[in-house]
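*Asks:* Each chain is listed here by its residues.
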Amino acid sequence: MSADPEATTVQEAAAPAATPGSSPAVGPTAGPAGPLHDRCSDETVVLSTHGLTKDFKRLRAVDNLDLSVCRGDVFGFLGPNGAGKTTTIRLIFGLIYPTSGHAQVVDHRVPEQRQQALRHMGGFVDDPVFYGNMTARRNLRMLGRMNGFVTEERITEVLEMVGLSERGGSKVGGYSHGMRQRLGIALALIHGPELIILDEPTSGLDPQGMKDVRELIRELGRQGTTVFLSSHLLHEVELVCNRAAIVRKGRLVAQGPVSQLHPTSNAVKVLTRNQGKALEVLRGLLGPTGVKEDEEYLVVEAGEELVPEMVRRLVADQVDILAVVPAIEQGLEDMFLELTAREEEEERR
Amino acid sequence: MSHIRREFSKILFLRRTYFGWAGLFLIPFLITVALRLSGEGPPPAEQGGPEFFDLIANNGLLVAVASLFALVTFLLPLLASMAGSQTIAGEAEAGTLRTVLMQPVHRGVLLLAKWFVANLYIAIGLVILAIGSLIAGGAIYGLKPLTLLTGQTVSVGESIWLIFLAYAFVLVGMATVVSLAVAFSTLTNSSLTAVGAALVLVIIMLVLGSLSVFDFLQPYLFTSHFAAWVNFFRDPIDWDPIRDALINFVVWIVGMTGIAWYVFRRKDILS
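Protein chains in written order, with my numbering: chain S, 1 to 349; chain E, 1 to 271.
Certain hints may be false.
Unchecked claim - Mimicking EDC-like on lysine to aspartate or glutamate, the simulated pairs with C-alpha atoms at most 16 Å apart in a straight line are:
| no. | chain 1 | residue 1 | chain 2 | residue 2 |
| --- | --- | --- | --- | --- |
| 1 | E | Lys267 | S | Glu345 |
| 2 | S | Lys249 | S | Glu112 |
| 3 | E | Lys267 | S | Glu112 |
| 4 | S | Lys292 | S | Asp317 |
| 5 | S | Lys57 | E | Asp268 |
It should be emphasised that the hints constitute simulated quantities derived from the structure, not laboratory data.
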């Protein structure tokens, strides 16, 4: 199992430290020569893809994708629109056939052992769709029983979990988008699978609905269910997931614990009355690459120990200092933009 | 069996299911009332109608036969096309196909269950048509012993048995149209396209079958065998055309369903 040679190394340090909610078995398995890529150990992997590739005529929608989702992960699958997230999920569910490579769910290869694999997972792709002329309960009974026997108590239980217990007897045709999303989650849960795959589950929901669904996902994670959450909302992944992969144009850009996709910075931000002169002074001190302009601030890549010297130089050159503040920790969004921009730059070269 | 039960319960929740069945129930009444009011009777044999049509005013049993004769070339193929096209394309169009296929179900088994239920829909429709015909014919003309095409008369019970055989034969004929529509249904995500394609092919076959220059094609066109059921109303029954027709139907059914099976097993579900 080789790491994607084109994927950017997220953290080229040692194996990721276990963080609360993260899988302790996570560790790098790529060879020493290749870029380090965070993967699960064989015992803990619930979902993996191996060189998964899908072409639609001339378009390569998924390109040699190697994902690894560990048991108990709430795994974020991040990418801009058109990055191949939904196509990847369709491949995992066996709805479409790969051009090459395969997915593996627990011990079952997809597409070859699709039926067996589907017994271990539930979820939805795109918007969940149901039979509109039937009630939610009947939909769950009919579709859920394709996975084996489903009791009425279980139907009641999952409807309660997603907050639809009062509308279970209503026809789904009258449901709002948000209610259908919830019903999609209920169907995913009905047979108690080890792995839940949700494709943009909060899209189109109101803020309260988003909050409820995210809390439900967190709760599933706490109960030990592995959740694979596709999203283009970086904030959502930061809030909910412990591990994530970033894809762009069907390729894996990065994969690892969210805490490590979220690197800290020791930079400080400097605001003065004369930013032009301050820039000149600080570049004199730190070199041309040590200082960047970021909107109204100057961002200085320097440790706290250099701050007194910077201040002395600025004061000596009669630059009035208004503020020196630590640069805010770099968010996943910045990381995502940085990684995808780097990929674009490499492509241009 | 559970797949068949599930697929059948789905069609019971569709309003169009009942429209089709209601239409089949009402048509014999319309035919009977129209014949009664016009006082002219059905087209006589010399004008292209089967010989027993001349006798319909004397026996309500013949309404069942007349209904079959009236519907076998268009309305029944239309219903069969609609039922077949809903199997895959209809669900793909609605988006429910992916919901179903995300459950652990074998695609081939699902397809066969859908094919079976589409034919079951037509079978129920034919039973409704027969019941409607017997009620309408019995109420207006009475049910009497039937005179066959070969001149013999058979009892009401035996007549109903022959009518049953004719309807069963037509059911197999309609299974060819269902199979055709199912095959088209796997090739498109639009049920309207699948219905249209199946119906156009049926109409093309009917046209080819009506032109003497294409007589050499007759044995291969399933539409040319649709009328072979009239041979049940001879004594003895003329089995040769019935056997030829059934062989033709089975070849088409197996061929078209085989294509559907092959395509659907490998189809990328993008709807």
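*Asks:* Are the Cα positions of lysine 249 of chain S and glutamate 112 of chain S separated by 16 Å at most?
*Replies:* Roughly 26 Å separates the two Cα atoms, so the pair is violated.
*Asks:* Within 16 Å, alpha carbon to alpha carbon, are lysine 57 of chain S and aspartate 268 of chain E?
*Replies:* 13 Å, holds
*Asks:* Need the status of pair lysine 267 of chain E, glutamate 345 of chain S: alpha-carbon distance at most 16 Å?
*Replies:* 37 Å, violated
*Asks:* Can you confirm whether the C-alpha distance between lysine 267 of chain E and glutamate 112 of chain S stays at or below 16 Å?
*Replies:* 14 Å, holds
*Asks:* For lysine 292 of chain S and aspartate 317 of chain S, compute the direct alpha-carbon distance and say whether it is at most 16 Å.
*Replies:* Measuring from Cα to Cα gives roughly 19 Å; hence the hint is violated.
Hints 1, 2, 4 from the list above are not met by this structure, while the remaining hints are.
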